[in-house]
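Visitor: Following the hints, position chain B against chain A.
Chains A and B, in that order, are what the protein sequence lines are. All residue numbers for the first sequence refer to numbering that gives the first Met the number 0, where the first residue is 0 and numbers rise by one. All residue numbers for the second sequence refer to numbering that gives the first Met the number 0, where the first residue is 0 and numbers rise by one.
By construction, these hints were calculated from the structure, which means they are not laboratory data. A hint or two may mislead.
For identical chains, the list gives no copy identity; a pair is met inside one copy or between any two copies.
To be verified - Under the rule of at most 25 Å between Cα atoms (straight-line distance), these lysine to aspartate or glutamate pairs were calculated in the DMTMM-like manner: (1) K39 / E54; (2) K17 / E96; (3) K160 / D79; (4) K24 / D13; (5) K167 / D136; (6) K24 / E96; (7) K17 / E54; (8) K56 / D37; (9) K24 / D71; (10) K160 / E139.
Quick caveat: nothing in here was measured; it's all calculated off a predicted structure.
Protein chains: 2
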Amino acid sequence: MMYYPSQLLERAVDEFAKLPGIGSKTAMRLVLHLLRQDTKAVEAFGQSIIRLRQEVKFCRVCHNISDNETCDICTNPRRDHSTVCVVENIQDVMAIEATQQYRGTYHVLGGVISPMDGIGPSDLQIQTLVERVQTGDIHEVILALSPTMEGDTTNFYLYRKLSESGVKISVIARGVAQNDELQYTDEVTLGRSIVNRTPFNISL
Amino acid sequence: MMYYPSQLLERAVDEFAKLPGIGSKTAMRLVLHLLRQDTKAVEAFGQSIIRLRQEVKFCRVCHNISDNETCDICTNPRRDHSTVCVVENIQDVMAIEATQQYRGTYHVLGGVISPMDGIGPSDLQIQTLVERVQTGDIHEVILALSPTMEGDTTNFYLYRKLSESGVKISVIARGVAQNDELQYTDEVTLGRSIVNRTPFNISL
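This is chain A alone, in the form it adopts within the complex (with noise of 0.2 Å):
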């Protein structure tokens, strides 16, 4: 058993090792760069915490996380809305914005089909795509979901769901990533990037 000098301590540092990736060992350092701070800046630190578990909003027409009822794209005049991309998670969402080449908006699934780890099409927010797609207000859905097994079953599986209402589906394009090397890169990854070659562009 660990000796501990402070309950106090030793309460923070459970906390702290309840993370993920975070030891008992990187808990404690943690805990102890906290007790070398000004208290302000802590207290700031925990409030932080506290706060966003307690006052974050997640859209109700996206999903993303918010501070509105209502995100900050979904509610944004300049975004497209009658484009909706399909992604997995928050991160992805992030992820795309910074690529500053995407002005419509997002439909948080909040993971993918995957019966190996239990996850249905009723645990993610597929009845909200349909009822948003059926408003007729869409014109297309573009499915930026995992390059992985459990991504292309989901994209099927809303393909299935999605493709009577007449909307326009699509996926994002796959192939070889910028920089990668074509020795190294995957036999599936550099056959499709073959298959659906697009005319050469000069501004690309």
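Guide: Relative to the frame of chain A, chain B by itself:
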């Protein structure tokens, strides 16, 4: 610039990313983990950090971390208060306590003398150690600092400061560690372990 769907999220991620060894991607992962936890659990986490910083004390005798003015070890009548083990930091106290081989008290210096880092004797709890020894209640001071140049410098400084009081001054043994392979042990350590050999004792 990174896009954040929520200011609450951004603030929490920023706070986590201030911690040593936590980058913005890890911070994001930790914050999203907390978002999936129970509100009560997240409040407990935040409060444990705030309370630690607000309420934790440092023992007025040995400067170890403590929930009270004087720590558990310094107030424990079953500890040997005539022996003081001098260590650099709180983790060292915890490491020595974990061995269950020491029944004396401690003195936490708060570091070692390191001119390169601008740490001199006055930045450490050296004067309070001298005062503890001057009371005459201490019979032995055990120096348990890092086996580094800075640790050795500090040992030497403490020896000069304390020796005129007549207190017994000892230093923790240096030698090969349990399960070390001799061929990979550095020359200084291996050399010392031969010079400072001890009589064979079957109980060790």
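Visitor: In ascending order, which of the hints set out earlier in this document are inconsistent with the structure?
Guide: Nothing - there is no hint that the structure violates, so all of them hold.
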